[in-house]
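Asks: Per our numbering, the sequence shown starts with residue 2, numbered consecutively.
These are computed hints drawn from the structure, not numbers from a lab.
Any given hint might turn out to be false.
Unchecked claim - Quick list of the computed label-pair ranges, beta carbon to beta carbon:
#1 56 - 169: 52 to 58 Å
#2 140 - 39: 41 to 47 Å
#3 203 - 157: 23 to 29 Å
What the hints assert, rightly or not - Capping the alpha-carbon separation at 27 Å, the derived lysine-lysine pairs in BS3-like fashion look like this:
#4 160 - 93
#5 75 - 61
#6 75 - 25
#7 40 - 25
#8 54 - 160
#9 160 - 61
#10 54 - 75
#11 75 - 169
#12 160 - 25
#13 93 - 75
Don't be surprised by glycine CBs; every beta carbon is placed ideally from N, CA and C.
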Amino acid sequence: MTALLQLDDLQVPVEIGGTSRRAKLTIEADGSLRLRAAKDVATEELQQFLASKREWVYRKLAEKEVLQHEPVTKELVDGEGFSYLGRSYRLKLVDSDGDVRLERGRLVLPQRLAPAGDAALIAWYRRCGEIWLGPRAGAWAERLRVDDVPIEVRDLAHKWGTATAGRKVRIHWATLQLPPALVEYVLVHELAHLREAHHGPTFWELLARAMPDYEERKRDLARRGAALWFGGVS
2 MTALLQLDDL QVPVEIGGTS RRAKLTIEAD GSLRLRAAKD VATEELQQFL
52 ASKREWVYRK LAEKEVLQHE PVTKELVDGE GFSYLGRSYR LKLVDSDGDV
102 RLERGRLVLP QRLAPAGDAA LIAWYRRCGE IWLGPRAGAW AERLRVDDVP
152 IEVRDLAHKW GTATAGRKVR IHWATLQLPP ALVEYVLVHE LAHLREAHHG
202 PTFWELLARA MPDYEERKRD LARRGAALWF GGVS
């Protein structure tokens, strides 16, 4: 017997059968969802279970998109495009001192830094990201009623952000390519973990109060994430 539930705009077929009351949610190779549950588990209970898995589902779907797409690579040549906070900037190599910087609508890379490959550009994203996120983290922390903690921008592999037991939030440098609304979603999501460690109903209620449109931002993040540059030059 098969029923059908909904998680946001995702349809979830439910296979009813077996005796275990522990529901099992899987993501198939094509990205579709499938839920297995015993026949005596109430629909409301299954819907709550799905809601508790929302973050896991979107994270795994985003990872699947990344794995199924060819990695984005860049060339360190004049005119190559790089995104910062949702805007595209053309790279300009210059024979000068100083660091990577935005100047007159261009992303300026001193020639002396080019041999290091992507390292100088990633360092620039990290540096600018921490400057941009700092004051916004303070404002969101106040709204969420959590401590104003240090924000670090790092390479976090397939994670957009983390909140550690040491009261520190880390954000992936690649998120700084996204529009501000999506960067803020990642930030607020991690700050909320300082109050609620797990993705239960209380966590999502807290996030919804602070950011009522978080579900739309989450879906947009899942769609855009695979197209980001995560380092690598040719």
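Asks: Determine for every hint whether it applies to the structure shown.
Replies: We went through each hint and held it up to the structure:
1. The supplied range of 52 to 58 Å is broken by residue 56 and residue 169, whose beta-carbon atoms lie about 20 Å from each other.
2. Taking 41 to 47 Å as the suggested C-beta distance range, the pair residue 140 and residue 39 conforms, at roughly 46 Å.
3. Between residue 203 and residue 157 the C-beta distance comes to about 25 Å, which sits within the given range of 23 to 29 Å.
4. Restraint check for residue 160 and residue 93: the C-alpha separation of about 30 Å exceeds 27 Å, so the hint is violated.
5. The straight-line distance between the Cα atoms of residue 75 and residue 61 is roughly 25 Å, inside the 27 Å bound, and the hint therefore holds.
6. Of the pairs offered as hints, the one joining residue 75 and residue 25 is violated, with about 40 Å between alpha carbons and a cut-off of 27 Å exceeded.
7. Of the supplied pair hints, the one linking residue 40 and residue 25 holds, its CA atoms being roughly 13 Å apart against a limit of 27 Å.
8. Between residue 54 and residue 160, the direct Cα distance comes to roughly 16 Å. Compliance with the 27 Å bound is thereby established for this hinted pair.
9. Simply put, residue 160 and residue 61 have alpha-carbon atoms about 10 Å apart, close enough for the 27 Å limit, and the pair holds.
10. Between the alpha carbons of residue 54 and residue 75 the distance comes to roughly 35 Å, so the proposed pair goes past 27 Å and is violated.
11. Taking the CA atoms of residue 75 and residue 169, the gap is near 31 Å; set against the 27 Å cutoff, the hint is violated.
12. For the hint linking residue 160 to residue 25, the alpha-carbon distance of about 23 Å falls within 27 Å, and the restraint holds.
13. Distance check on the hinted pair: residue 93 and residue 75 sit about 13 Å apart at the alpha-carbon level, within 27 Å; holds.
The structure does not agree with the numbered hints 1, 4, 6, 10, 11 stated previously, though it agrees with the rest.
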